[in-house]
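Undergrad: Chains as they are written, first to last, in my numbering: chain C, 1 to 134; chain B, 1 to 134; chain R, 1 to 134.
I should point out that these hints are in silico values taken from the structure, not numbers from a laboratory. Careful, some of the hints might be misleading.
[Unchecked claim] List of simulated lysine to any residue pairs, SDA-like, C-alpha gap at most 25 angstroms: (1) K2/R x P13/R; (2) K2/C x P13/C; (3) K2/C x D28/C; (4) K2/B x G71/C; (5) K2/C x V133/R; (6) K2/R x S64/R; (7) K2/R x G71/R; (8) K2/B x A75/C; (9) K2/B x M1/C; (10) K2/R x A69/B; (11) K2/R x E104/R; (12) K2/C x A75/R; (13) K2/R x I101/B; (14) K2/B x D76/C; (15) K2/R x A132/B; (16) K2/B x D76/B; (17) K2/C x Q17/C; (18) K2/C x E104/R; (19) K2/R x E104/C; (20) K2/B x E104/C; (21) K2/B x A132/R; (22) K2/C x P13/R; (23) K2/B x Q17/C; (24) K2/C x P14/R; (25) K2/R x P14/R; (26) K2/B x V133/R; (27) K2/C x A132/C; (28) K2/B x I101/B; (29) K2/C x G71/R; (30) K2/B x P13/C; (31) K2/R x A68/B; (32) K2/R x F74/R; (33) K2/B x P14/R; (34) K2/C x G134/C.
[Stated by the list, open to error] If you only want the chain C side, here are some residues facing chain B, beta carbon under 10 angstroms, derived: (35) V47; (36) M80; (37) I87; (38) G88; (39) E104; (40) V131.
Quantities reported herein were computed from a predicted structural model and do not represent experimental measurements. Glycine is no exception: its CB is placed at the ideal position from the N, C-alpha and C atoms.
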Amino acid sequence: MKKIHQNPAGAAPPAGQYSQAVRLETGDTALVFVSGQIAVDAAGNRVGAGDIAAQATQVFENLSAILAANGATFADVVKMNTYLTDIGHRAAVAEARRRYITGEPPASTLVAVRELAHPDWLIEVEVVAAVAVG
Amino acid sequence: MKKIHQNPAGAAPPAGQYSQAVRLETGDTALVFVSGQIAVDAAGNRVGAGDIAAQATQVFENLSAILAANGATFADVVKMNTYLTDIGHRAAVAEARRRYITGEPPASTLVAVRELAHPDWLIEVEVVAAVAVG
Amino acid sequence: MKKIHQNPAGAAPPAGQYSQAVRLETGDTALVFVSGQIAVDAAGNRVGAGDIAAQATQVFENLSAILAANGATFADVVKMNTYLTDIGHRAAVAEARRRYITGEPPASTLVAVRELAHPDWLIEVEVVAAVAVG
């Protein structure tokens, strides 16, 4: 069993005391637990204030980069949890989601919460992925 | 390692681009990641508008069907997350929960959120289950 | 594969029909799914009403006790999800977090929700940990 804390260069740097992902290798499988991604680009800048489509795209770009660092794609995501601040943004998020998830989709949960950590943020998405190892 | 995307006939069809469950078989174990279940019946109809007891029962019926498709019961659920829209519904949900979970209960988290994906929905419950394989 | 339901003496007793943790042993790894911890002490008393710093400390004490019962520490936490009722409490929570998490931090998600199960509660934190076995 092996645990690897990850902050891949292609994804946003952590906005606090957390790792962007923890990779847990056990047997023939790596489980990748990915932190909730928000609309921050790889340089650490907040992007897309007030623009749910832009924010959703940035979130999926961050997820893509973290998955890629694990030799994974969205096809390897087993669970996705999406937190919005306004359920009315659901259609725009679904549109972004369809661009990034093109195969069989993951198990998923979607809720609208009171607030995310920065007032600019309209969406946060976390995933668990599973990839074969060894 | 093997991943199987599932939309069992006895449970509600997905209300969007997601799978009702993803089954991850690794070593002697299948981890089953189940999407947040809402008050939609196996025919795809929303049920129990305004009635938390009816909605909670439908949600647990959907979970039961997805678990059964994996040779599992609530005894195999290791984690359950419950999202309500009104914390005042907690007692009604606990009553439904006691009818379906009769053995040692799972690890659990309960929160009330701002909104769920459809304005009729008062409860969403997601689980992770683990069953022996091979 | 083995599942063990846990309510360790050093942590708060469950506030409802749930187990404080479920330990899933598979292959060389135990995955520990820990329930959302709230500001209840090991004797079952609610503590820190209106005091986010006191509540965060109690939550991390409960998590510590459950981890210890599994031969684990915060270094073994792979994922942490934090639910606040007021995002303005984030700094106080980060301070508590820094006292308990001193090595490489877990993957994490932070949201503010509408309400937690008791009106006194300002914070709930759930984790998944992974420890080597056998």
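Undergrad: Now, for every hint given, state plainly whether the structure supports it.
TA: We went through each hint and held it up to the structure:
Restraint check for K2/R and P13/R: satisfied, since their Cα atoms lie roughly 23 angstroms apart, inside the 25 angstroms limit. Proposed proximity of K2/C and P13/C is supported: the alpha carbons are some 23 angstroms apart, at most 25 angstroms. Using a Cα cut-off of 25 angstroms, the hinted pair K2/C and D28/C holds, with the two alpha carbons roughly 12 angstroms apart. Straight-line distance between C-alpha atoms of K2/B and G71/C comes to about 16 angstroms, which keeps the hinted pair within the 25 angstroms bound.
Straight-line distance between C-alpha atoms of K2/C and V133/R comes to about 12 angstroms, which keeps the hinted pair within the 25 angstroms bound. Between K2/R and S64/R the CA atoms are separated by roughly 23 angstroms; this keeps the pair inside 25 angstroms, and the hint holds. Annotation: proposed proximity of K2/R to G71/R holds, straight-line Cα distance about 17 angstroms (limit 25 angstroms). Under the criterion of a C-alpha separation no larger than 25 angstroms, the hint pairing K2/B with A75/C is consistent with the structure, at around 12 angstroms.
Restraint check for K2/B and M1/C: satisfied, since their Cα atoms lie roughly 19 angstroms apart, inside the 25 angstroms limit. The hinted pair formed by K2/R and A69/B meets the criterion: a straight-line CA distance of about 21 angstroms does not exceed 25 angstroms. Proximity of K2/R to E104/R is assessed by CA-CA distance (about 28 angstroms); at most 25 angstroms being required, the pair is judged violated. Note on K2/C and A75/R: the hinted pairing holds, with a Cα-Cα distance of about 12 angstroms set against a maximum of 25 angstroms.
Straight-line distance between C-alpha atoms of K2/R and I101/B comes to about 19 angstroms, which keeps the hinted pair within the 25 angstroms bound. Between K2/B and D76/C, the direct Cα distance comes to roughly 11 angstroms. Compliance with the 25 angstroms bound is thereby established for this hinted pair. Proximity of K2/R to A132/B is assessed by CA-CA distance (about 9 angstroms); at most 25 angstroms being required, the pair is judged to hold. Pair hint K2/B plus D76/B holds up; C-alpha atoms about 19 angstroms apart against a cutoff of 25 angstroms.
For the given pair, K2/C sits about 21 angstroms from Q17/C by alpha-carbon distance, which is consistent with the 25 angstroms threshold. Taken as a hint, the K2/C and E104/R pair is honoured in the structure, with Cα atoms around 14 angstroms apart against an allowance of 25 angstroms. Taken as a hint, the K2/R and E104/C pair is broken in the structure, with Cα atoms around 30 angstroms apart against an allowance of 25 angstroms. A threshold of 25 angstroms between alpha carbons decides the hint, and for K2/B with E104/C the separation of about 14 angstroms falls inside it, so the pair holds.
The straight-line distance between the Cα atoms of K2/B and A132/R is roughly 22 angstroms, inside the 25 angstroms bound, and the hint therefore holds. Our distance criterion of 25 angstroms between C-alpha atoms is broken by K2/C and P13/R, whose separation comes to about 32 angstroms. Between the alpha carbons of K2/B and Q17/C the distance comes to roughly 33 angstroms, so the proposed pair goes past 25 angstroms and is violated. With a C-alpha separation of about 31 angstroms, the suggested pair K2/C and P14/R falls outside the 25 angstroms cut-off, and the hint is violated.
As the CA atoms of K2/R and P14/R are separated by approximately 22 angstroms, the hinted pair is consistent with the 25 angstroms bound. About 23 angstroms separates the Cα atoms of K2/B and V133/R, which keeps this hinted pair within 25 angstroms; it holds. For the hint linking K2/C to A132/C, the alpha-carbon distance of about 14 angstroms falls within 25 angstroms, and the restraint holds. At roughly 28 angstroms between alpha-carbon atoms, K2/B and I101/B are farther apart than 25 angstroms, so this suggested pair is violated.
Taking the CA atoms of K2/C and G71/R, the gap is near 16 angstroms; set against the 25 angstroms cutoff, the hint holds. The straight-line distance between the Cα atoms of K2/B and P13/C is roughly 32 angstroms, outside the 25 angstroms bound, and the hint therefore fails. At most 25 angstroms may separate the alpha-carbon atoms for a hinted pair to count; K2/R and A68/B meet this at roughly 20 angstroms. Restraint check: the Cα-Cα separation between K2/R and F74/R comes to about 23 angstroms, which is no more than 25 angstroms; the hinted pair holds.
At roughly 35 angstroms between alpha-carbon atoms, K2/B and P14/R are farther apart than 25 angstroms, so this suggested pair is violated. For a cut-off of 25 angstroms, the pair hint linking K2/C to G134/C stands: about 12 angstroms separates their Cα positions. The restraint placing V47/C at the interface with chain B is violated, with a minimum CB-CB distance near 24 angstroms, outside the 10 angstroms limit. Taking 10 angstroms as the C-beta contact cut-off toward chain B, the hint placing M80/C at the interface holds, the least distance being around 8 angstroms.
For I87/C, the suggested interface contact is upheld, since its CB lies about 4 angstroms from the closest CB of chain B, less than 10 angstroms. Satisfaction of the interface hint for G88/C is found here, the shortest Cβ-Cβ separation to chain B being roughly 9 angstroms, below the 10 angstroms cut-off. For E104/C, the interface hint holds, the least distance from its beta-carbon to any beta-carbon of chain B being 4 angstroms, beneath 10 angstroms. With a cut of 10 angstroms, the hint placing V131/C at the interface with chain B holds, because the nearest CB-to-CB distance is about 8 angstroms.
When each numbered hint is compared with the structure, violations occur for hints 11, 19, 22, 23, 24, 28, 30, 33 and 35.
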